[in-house]
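Visitor: Residue numbers (our numbering), protein chains in the order written: chain A, 1 to 351; chain B, 1001 to 1199.
Derived by calculation from the structure, the hints in this document are not laboratory data. Backbone N, C-alpha and C define an ideal beta-carbon position, used for all residues, glycine too. Some hints could be false.
What the hints assert, rightly or not - Cβ-Cβ distance ranges computed for the label pairs, FRET-style:
| # | chain 1 | residue 1 | chain 2 | residue 2 | range |
| --- | --- | --- | --- | --- | --- |
| 1 | B | 1052 | A | 320 | 31 to 39 Å |
| 2 | A | 298 | B | 1162 | 40 to 48 Å |
| 3 | B | 1158 | A | 336 | 20 to 28 Å |
| 4 | B | 1158 | A | 29 | 48 to 56 Å |
| 5 | A | 298 | B | 1136 | 29 to 37 Å |
| 6 | B | 1008 | A | 308 | 57 to 65 Å |
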Amino acid sequence: MQSAADIGAVCARGGATIGGAASTEAASSARVFAVACTCVLVAAAALAGWAPFGLSVATVFLFAGPHNWSELRYFITRLPVRLGRSRIFFGTAAAGVVALTASYAALSFAPGAGAWGEDGWYFSTAMWNSAAVAWMVALVMLRGRQTPRRDWGWALPVGCALVGLNWLAPQVFALALVYLHPLVALWFLDRQLRRTRRSWSRAYRVCLALLPLALGVLWWRLAASASLPEDGALALRIVRHAGAGIVPGISSHLLVSTHVFLETLHYGVWLVGVPVVAGAGLAPWRFRSIPLVRHREGWPRLIGALLVAGAVVVVVLWVCFLADYATTRDVYFTVAMAHVLAEVPFLLRMV
Amino acid sequence: MRLFKYCVAFAVLLVAVSPALADVALPGKERVRRNDEIRGDLPYSQMTIESVEGLREVRLQIPRSQFARMSAAAGIVQDDAGVAQAGTLKNAGTVIAGLFLSLAVVLTGLLLVRSRRRVAVGRAAVALLVCVCAAAVAAVAAYANAAPPVGWRAQDPGTLLKAVSGKSLTGSIRIEVVEEGSGIKLLIPAKSHAGEEEE
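Using the sequences provided together with the hints, build the complete structure.
Guide: Dropping the structure here:
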């Protein structure tokens, strides 16, 4: 995989002919990338609308674990060897990810949580959401200190507004996170393109413009469809995960299809999109391309052990899915809150 | 300066109005619950149906811990603290929402004032529009006293579905509050003891 730097070097070295050839090649590869993105988008939307349960079960089984590993690999690659001025930023990020994930899991699995009733869940969900927003605002402010050329002062009023809206409808707020999380992956891909494949960026943004169109078609086709049957524990979980019961008056078929569509794109971005765009440096077998492994002040053994342990967890997850899919799905989506939160600091570092 | 005055006046207006709207009484119509609706507002518990050898009557066992929580959720007076808590959490949530939204508007105003020389009129208008939309959403929600969405945890009926035979089954049961356990149990005699009733 040739990086943008390589393409730039070729342009600088060669004459008009070589430069023209490189430019033609870049334009051609951008077209191929755009066509591939469009095909994935259309196929995912069609499958999600046609067989939402099947696609949900299959994608979560196949890609939930590997995409987490891929994200871990990406984040480790983006960690600086020397934290320097970013020490407080990464410290706050790590503390928030651990504390918020632990409290989220505690809320989900707390003994007797089922008897909390409406008030108990209202309060606990609103508190957790508020803590998450406060943590994100703190990260934005810390990031703002590191990049004084950009004005990040808006974070505080926006954070206050989000906390306020959250207290009006905490579970709607939580559901919004469920639907927004897959879109964050698209943002990551955009930032990565700006770094390593700038020539593809325009084509990618054109494809992104097709996303609302695909969602519009999906909603138009499914708006009047009957709700999905909630027979069995698994169907019930999938339907509830998509927000049926929280958003009244909307077909659960539409909700599940939308959620599965976005999740499929999310998995696609992390498993294929980002590694392809980032180039050979993100190939799973190339540990030496990780700065923390390559650098003499890095931690090659720790990073290696972490990635191997992650791969083992992926295999264990597959085995658990085979043994008891419904329970494993519950546990996975609770623990996976860690990767949802971990995306925040790394995205902030990239914008 | 004029923009600043407008922002301040708008912020003061919102701060004054938010708590007032938050106190508006519930509309006088009750929501009709459908049978196929998932009642996430109700507490849930594990339930076991057991066939017990030698049992003479059907018995529903509810652990004391569950019973106390169910009573609180149903608004049954148990102790003053429980009742007070059930009523105040929602109101507190609305007040907190109002406070944070007001704070957001005030902070936005301060931000615009602080950087008024750099901020274009278009940006200021957009910020103002966002504030107005947020305040409108908050006011609508507070006025409608919109109930928080129902709990979305999937309740798995498990093998209890097998207990349904298609026709309704009727009989008297004895309700017992027990100290141990965390789930509700319905104990059914393994054999019929018709004619041996003592009551």
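Visitor: Each hint should be assessed against the structure and marked as holding or not.
Guide: Verification of the supplied hints:
1. Checked against the given bound of 31 to 39 Å, the beta carbons of residue 1052/B and residue 320/A, roughly 35 Å apart, stay inside it.
2. Taken as a hint, the range 40 to 48 Å is violated for the pair residue 298/A and residue 1162/B, whose Cβ atoms sit roughly 58 Å apart.
3. Evaluation of the 20 to 28 Å hint for residue 1158/B and residue 336/A yields a pass: the beta carbon distance comes to about 25 Å.
4. For the pair residue 1158/B and residue 29/A, the supplied restraint of 48 to 56 Å holds, since their beta-carbon distance comes to about 53 Å.
5. For the hinted restraint 29 to 37 Å between residue 298/A and residue 1136/B, the CB-CB distance of approximately 52 Å leaves it violated.
6. As the Cβ distance of residue 1008/B to residue 308/A is approximately 59 Å, the hint placing it in 57 to 65 Å holds.
The structure fails hints 2 and 5 (numbered hints given earlier, in ascending order).
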